[in-house]
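Please construct the entire structure, taking both the sequences and the accompanying hints into account.
Numbered continuously in this note's numbering, the sequence shown closes out at residue 186.
It should be emphasised that the hints constitute simulated quantities derived from the structure, not laboratory data. Where hints are given, some of them may not hold.
[As the list claims (entries may be wrong)] Estimated spans, in silico, between C-beta atoms of each pair: (1) D70 with A96: 38 to 46 angstroms; (2) D118 with G3: 29 to 37 angstroms; (3) T100 with E72: 42 to 50 angstroms; (4) A96 with E6: 31 to 39 angstroms; (5) K143 with A96: 38 to 46 angstroms; (6) E108 with E145: 49 to 57 angstroms; (7) P71 with E31: 47 to 55 angstroms; (8) A183 with T100: 27 to 35 angstroms.
Where a beta carbon is used, it is the ideal one built from N, C-alpha and C, also for glycine.
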Amino acid sequence: MAGVIESLRSDHSRLTKLLDALERQLARFEEGEAVDFEILDGILYYCLSYPDLHHHPLEDLMFDRLRARDPEALGGLKDLREEHNELASVTRRFAAAIRTVEQDIAVEREAVKKVAQDFLNAYRHHIMMEEKHFFPAAQRCLKREDWDAIANQLKPMKDPLFEMREDERFAALYKDIMDWDRALTA
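So this is what it looks like as structure tokens:
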């Protein structure tokens, strides 16, 4: 159990840093300054890949096990697959809006701000729901054999932004996050 939950919580912590980086870029956008499209592209590429390939499937396995073991423990939580599909959809809408801006196609600033804020709100709400409701329910109700089965169904995958750092698409984003972290601890 500890390994699965800790891995997911680590992903949430890292994703929060990514969302914070996006908020810094949006603040620049709000003030009429130039945004760093390399950072935005890194955020979007990450969100369109890693969560859907590793993080969400792991949570879906937990959800299925919890629903089979103790459906009442879910206490009215929405089906995670449905929520994960909604996150993917809002991410694609945000990516389309950023591509429009990058290509210098006329678009209203307010429309871009709204889709970006929708993206941020959806991810922040999702993380909060899982941390406050879903993970504690899984920890309470799932048995060791459930955790073992979950851990054995997916092969481990390194986080492409924080663990591998081989993909140049993440260079500007990683630097931004590390610079911000250093500034906070200085």
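Consistency of the hints with the structure:
1. D70 with A96: 38 to 46 angstroms: 40 angstroms, holds
2. D118 with G3: 29 to 37 angstroms: 33 angstroms, holds
3. T100 with E72: 42 to 50 angstroms: 45 angstroms, holds
4. A96 with E6: 31 to 39 angstroms: 34 angstroms, holds
5. K143 with A96: 38 to 46 angstroms: 43 angstroms, holds
6. E108 with E145: 49 to 57 angstroms: 54 angstroms, holds
7. P71 with E31: 47 to 55 angstroms: 48 angstroms, holds
8. A183 with T100: 27 to 35 angstroms: Once the Cβ atoms are compared, 32 angstroms apart, the range 27 to 35 angstroms for T100 and A183 holds.
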